[in-house]
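Visitor: Can you make the complete structure from the sequences, with help from the hints?
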Amino acid sequence: MKKITILTLATICFGMMAFTSHSGGIFKTNTGNINFFSHTPIEDITADNHKVKTAFDATSGKMQFSALIKDFEFPKALMQEHFNENYMESTTFPKSTFSGMIENVAAIKTGENGIYKSTVSGKLTIKDVTKDVSTEGTFTVKDGVVNAKTTFVINPTDYNIEIPKSVAGKISKEIKITVDADYRHAH
Amino acid sequence: MLRSTLILFSIFTVYAGNSQTLDLLDDDESSPTTEYTFATFKTNRVVNGHSIETVAKNEFDFKISHRFGFLSGGPYDLFGLDQATMRIGGDYGITDNLNVGLGRSNVDKTYDGFIKYKFLKQSTGEKNMPVTATWISHVGMATIKWTQPNRENYISSRMHYTHQLLVARKFTEGLSIQLSPTLVHKNLVDSLSRPNDILAIGAGLRQKLSHRTSINLEYYYVLPNQLETDKTKSLSIGFDIETGGHVFQLFFTNGQAAFEKGFITDTKAKWLDGDVRFGFNIARVFNF
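In the order they appear, the protein sequences are chains G and Y.
In this text, residue positions in the first sequence follow the working numbering: the first is 6, and each later residue adds one.
In this text, residue positions in the second sequence follow the working numbering: the first is 35, and each later residue adds one.
These are calculated hints, taken from the structure and not from any lab test.
Keep in mind it's a predicted model, so treat the numbers as computed, not measured.
Don't be surprised by glycine CBs; every beta carbon is placed ideally from N, CA and C.
Hints may be right or wrong, so weigh each one.
[What the hints assert, rightly or not] Below, a sample of chain G positions facing chain Y; criterion: calculated Cβ distance under 8 Å:
| no. | residue |
| --- | --- |
| 1 | Ile31 |
| 2 | Lys58 |
| 3 | Asp62 |
| 4 | Thr64 |
| 5 | Lys81 |
| 6 | His87 |
| 7 | Val172 |
Guide: The structure is reproduced here in structure tokens:
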């Protein structure tokens with residue numbers, strides 16, 4: 006009798022998990038994109054990272070990112086080397102992370118195609134500096150895939166990124182970060 | 035039984051709720067990846083000689099190398115600045131690991147060309163490799179007028195070749211050391227008693243002072259009984275400054291020529307006599 010109770014309970018539990026996974030649950034990808042863009046009259050600098058690990062919890066609203074600095078790809082090899090060696094010190098600080106909340110997660114129906122907006126705010130860590138950031142994100146649900154997009158601006162000096170005077174004219178004080186990731190439900 | 039299951043379940047839930055910041059990601063450090071070492075040297079020269087570094091695919095590294103006269107020339111020669119030898123040339127990346135280069139030096143009006151291939155890359159992680167290794171073969175051609183124009187001179191007598199295995203390790207973020215076993219072959223030597231093949235071993239060291247500057251040391255040891263008695267070994271100490279697109283290498287050396295056969299086997303000046311030259315290499319990388 007007891008065995009049957011436990012079995013029933015287990016079935017119900019699994020059933021509930023399956024149910025929650027439909028409307029909530031964890032959404033993940035290991036191939037999120039982060040682009041940064043620095044514009045100055047002298048030079049535009051851009052780099053892409055296509056190997057960003059990110060996930061969000063559609064129930065609690067927790068959202069997280071982890072990007073390896075070495076995975077940022079530049080059009081010029083020398084720029085990439087200087088980015089890692091001189092600016093980001095990627096041997097000492099190999100990754101940059103974000104951990105925060107989708108504030109209006111309840112509005113995002115992951116089971117229903119549509120476009121939803123929500124503020125995402127949390128802590129962004131670059132090198133050894135952690136700062137609060139907040140940005141407006143667009144979540145597009147299409148056939149079970151949730152695409153999240155956002156753009157925000159950071160100042161490199163806020164994150165201990167030293168820019169020598171000799172190149173100060175080539176690197177913007179407002180670096181535009183664009184995030185674009187396709188999340189799938191994690192089983 | 036039921037109760038204990040429930041307790042276990044609630045403990046698990048509480049635990050999951052309290053766990054650390056990146057709990058949603060499989061951010062496992064031990065996942066099998068290979069980390070390749072980069073920037074063992076600031077540029078593809080230590081001082082006079084090549085480093086293991088290669089220029090990236092489709093990039094052209096334009097180089098102007100100057101060596102002035104001897105500091106011992108004193109104020110009359112403005113410490114050597116009245117005289118200069120120079121090489122102008124460039125390195126080109128066919129791939130990230132395969133480079134070719136050309137240059138022309140005013141020492142014996144020498145044209146030189148080389149082919150350079152990086153075949154091992156220092157790495158850690160899934161693939162572990164303690165060193166980076168590069169092979170380089172140079173060919174040089176002196177086009178200066180024959181010293182004895184009356185005898186029969188062959189074009190082949192103008193040629194010399196240098197082969198080097200460059201092996202380097204970046205020990206720390208700041209310290210890199212390179213060893214460069216070298217074979218120089220001269221088609222024409224001064225007398226029958228002189229060897230055509232000369233064996234040498236180079237040693238290079240780079241210590242970073244800041245993100246953009248470093249101190250470099252380079253010494254080429256020539257194995258005994260190979261050089262003429264008036265020749266000596268090349269020793270150089272340099273200072274690299276990287277400014278984004280340019281690398282400036284400022285140095286003191288007793289070598290005169292900016293090509294391998296020249297500074298490895300033809301150096302006459304001795305540091306202890308004050309016969310040291312100030313010199314610089316300017317490298318500018320262009321992208322195609």
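Visitor: Tell me, in ascending order, the numbers of any earlier hints that this structure violates.
Guide: 4
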